[in-house]
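Whole structure, please, built from the sequences with the hints as guidance.
The listed protein sequences correspond, in order, to chains A and B. Residues in the first sequence are numbered consecutively from 26, following the working numbering. Residues in the second sequence are numbered consecutively from 1315, following the working numbering.
Hints are computed from structural coordinates only; laboratory data are not their basis. These numbers come from a predicted model, not from an experiment. In this text, a Cβ means the ideal position worked out from N, Cα and C, and glycines have one as well. None of the hints are false.
Chain A residues, not near chain B, derived (Cβ > 10 Å throughout):
| id | residue |
| --- | --- |
| 1 | Asp-70 |
| 2 | Gly-88 |
| 3 | Glu-112 |
| 4 | Ala-247 |
| 5 | Asp-259 |
| 6 | Pro-450 |
| 7 | Ala-575 |
| 8 | Ala-582 |
| 9 | Lys-599 |
| 10 | Pro-630 |
Have a look at the derived ranges for each label pair, beta carbon to beta carbon:
| id | chain 1 | residue 1 | chain 2 | residue 2 | range |
| --- | --- | --- | --- | --- | --- |
| 11 | B | Thr-1394 | A | Gly-39 | 20 to 26 Å |
| 12 | A | Ala-633 | B | Pro-1333 | 58 to 64 Å |
| 13 | B | Asn-1318 | A | Arg-250 | 45 to 51 Å |
Covered by chain A, according to a simulated footprint, are these stretches of chain B (three or more residues, beta-carbon under 8 Å):
| id | region |
| --- | --- |
| 14 | 1343-1356 |
| 15 | 1440-1448 |
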Amino acid sequence: MSAPTRQGGLTSTGTGGVGDSPQRPDANLKVRGEFAYSSDLWHEDMLWGATLRSPHPHARIRGLDTSAALAVPGVYAVLTHEDVPGENIYGLEHPDQPVLAADVVRYQGEPIAIVAADHPETARRAAARVRVDYEVLDPVTDAAAALRADAPVLHPHNPGGNLVRHARIRHGSGPLTADVVVTGEYTVGMQDQAFLGPESGMAVPAEDGGLDLYIATQWLHADRRQIARALGMDEEKVRLHLAGVGGAFGAREDLSMQVHACLLALRTGKPVKIVYGREESFFGHVHRHPAVLRYEHGATRDGDLVYVRASMILDGGAYASTTAAVTGNAATLGAGPYQAPTVEIDCYGVYTNNPPCGAMRGFGAVQACFAYESQMDKLAQALGMSPVDVRVRNAVEQGSVMPTGQVVDSAAPVGELLALVRDRPLPPERGATFDLRELPGGVSNTTHGEGVVRGVGYGVGIKNVAFSEGFDDYSTARVRLEVTGGEPVVSVHTAAAEVGQGLVTLKAQIARTELGVARVVILPSDTAVGSAGSSSASRQSYVTGGAVRAACERVRADVLALAGGAAAGLAGGKVVDGAGVVLADLVEVLGEAVVEHTVEWRHRPTEALDPVTGQGFAHVQYAFAAHRAVVDVDVELGLVRVVELACAQDVGRAMNPDAVVGQIQGGSAQGLGLAVMEEIQVVGGVVRNPSFTDYLIPTVLDMPPMPIDVLERADPHAPYGLRGVGEPPTLSSTPAIVAAIRAATGKALTRVPVRPEHIVGD
Amino acid sequence: MRVNIEINGERHTADDVWPGESLLYVLRERLGLPGSKNACEQGECGSCTVYLDDTPVCACLVAAGQAEGRSVRTVEGLGTEDELDPVQEAFVRTGAVQCGFCTPGLIVAAHELVHRSPDATDAEIREALAGNLCRCTGYEKILDAVRLAAKGVQR
Ligand code: FES
Ligand code: FES
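So this is what it looks like as structure tokens:
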């Protein structure tokens, strides 16, 4: 069957290499509305899929009747768990989630039946006619209660009961007493990634009995592994092609409609497209783990940390997803970018009947950062020190030992980042004449300045880059150099997901730098080449960037051998000697030759944590960002306006300076959302606000100017010295803003997002 | 039902339209114009913004039948084969595009703004674009793009 209309290769031309900011090769298509996203796929013969989901967070399924749905004209198939030919179970780390629920549903929105029809509305209406006989059960909705001995066990096969993982860190043997002790309990609400491009894709049955799936995802090969298992099919027969991705932020790391579309396509013999609406999207992907974090920090009167103790509970919801890894992150990064001789951390990832939680930008480090940064402010206050001074005094630096025993073996300019944001001039105070839009409440006209108090706050965070704890983390790149149309052309083929971050630009920059060629073609990402790993954990520049560079190096070595003599490098389409003198034209040297290499590239290995002490070389790289937030708060109404959000971040090497700034600004904005507005409200396991009307993300009116300082302290272990960029700014933005609100209001504010009632209440 | 709409200067006819279909659905799924985006279909994100006659609207909130006999201009109709519209060009040049899902709607909204009010202040730009969500950029580079496009129009 023919392929749907879809995105082809992208051509990048010009001179932009590593360190430049060339235009994105997909930018023209995107501004013209011609870039083919996964929801834009179209096939003349296609059907539409729809999903019936459980309205209950916890129920037994006593019976299922699809006959009324099948009777709807225009319906081609109605499938339930009985129609899953392979194993009816999937999951990124722990397979524990049914493709379609069989006997029990564990969260509101769990898929039970799927329909294919000739119109999306027909499919939706038919799905609503599937009759399900539920025995409604009490949901387990409190993560701490889920760990009690008397709690119903949600996954009987899980050896830990409702415990997904307990990550335990024991470091140092100093006393757990100190002259100055501050304690606190902090709560983080459930945040949604809220990418704009909804979950969507199209499965097309193929003549060999397999299929092609065009899909927006973060990791094609992990999807393929799980899909093939559910379909009971060889992986080779399940071919995945990356369709245009409208943002990800972690929410596309798990499967959503992938297997469903494949099941319907195989059953009907037709291409099947599924596109979630926004409400369904809130049920279609995992969210950021809500967390309760108890901390105790002890320090000397001079402000040196003596010990840190923490106990955290992360609500993983109904299925494990990446809860185990998120738990590991929260624990290993739980003391923050600070040196403390003695650290005791216990972090529990738990099953409940709340919406499943997994990856979101920051991945466990966000929750911990809000708590430890709130603690650092509390400590500063107890000591009578400035918040920046107490942080700088305790900041990690290169050579410091982390609570895991791991030595920080590259730059860690935490103090410098804090100083950069502190030393920026403050935004001017509001003048005598001002625009209403400058005030909290804006054109709602709630104040003309009375009751408005300004506050300033700081935050700094630490994030691991790439996959950790011994994971075999690699990427694959195929690079080919040949003469096309009289010009040397490089093509780069990887399976890495471009999700908006700009990896397509970067791959072309690397090829240009390594091979000295102007024209680079970025081939569409698919499973015809080996895995690139996930577009998550701020890892693709590092790992796929590393793979592309390594493949280019092999290609270059072959070309230099072809040229022979004194050939030592490639530049500007020429073969040059060690001094840069042109020896020959690359076109002539290549002639008819096609030079191609495929390389699987790994970063240096990490280690699993010791299960008892949590010691080990768990993270390949650390990354740091610091924020200063300036806010105006209407202390009478509890309204907040962020006036400015400055950030300083060390990126090792700014591979593409414009894209780096774009990542920092976008990440900071998501942190602002968590600070003051974004929360999926779950009551009794039921989501109360699955819409953009009720789940608010920052608009351009909510976002302040964001001045950025970028430091480049190379990491000698990483390609080009680069450091992952995407996540760190999402960590420290939240606590900086909350600290600024505290400074303006004097309130304790131990929960995010901060709501008006927290500001005006007692 | 049958719906006749002039889109980007050309007459289009869609047959068998179910009355519940939005203008956005008809553009995207029946007329081969998927440039306008479907991020929420709830009137909250602006990714589906098109001109209906001369007014920017959320195409997801307009029933297809309401567009009967009227003219629609979408993101696909702003530039020419060879040239981007200056607003599109400004989005490319300033790095205002990441995933790009918000981009078509923002470009139509910004296009309307810079033509209506080329000397808009920052506060006015923010207010005009407050109905267009972007999850990737934090809006800084989008503001740069709109300022740049406005300068072009002023000239
Ligand atoms: S899709 Fe129309 S406003 Fe969101
Ligand atoms: S660029 Fe992704 S939503 Fe705006």
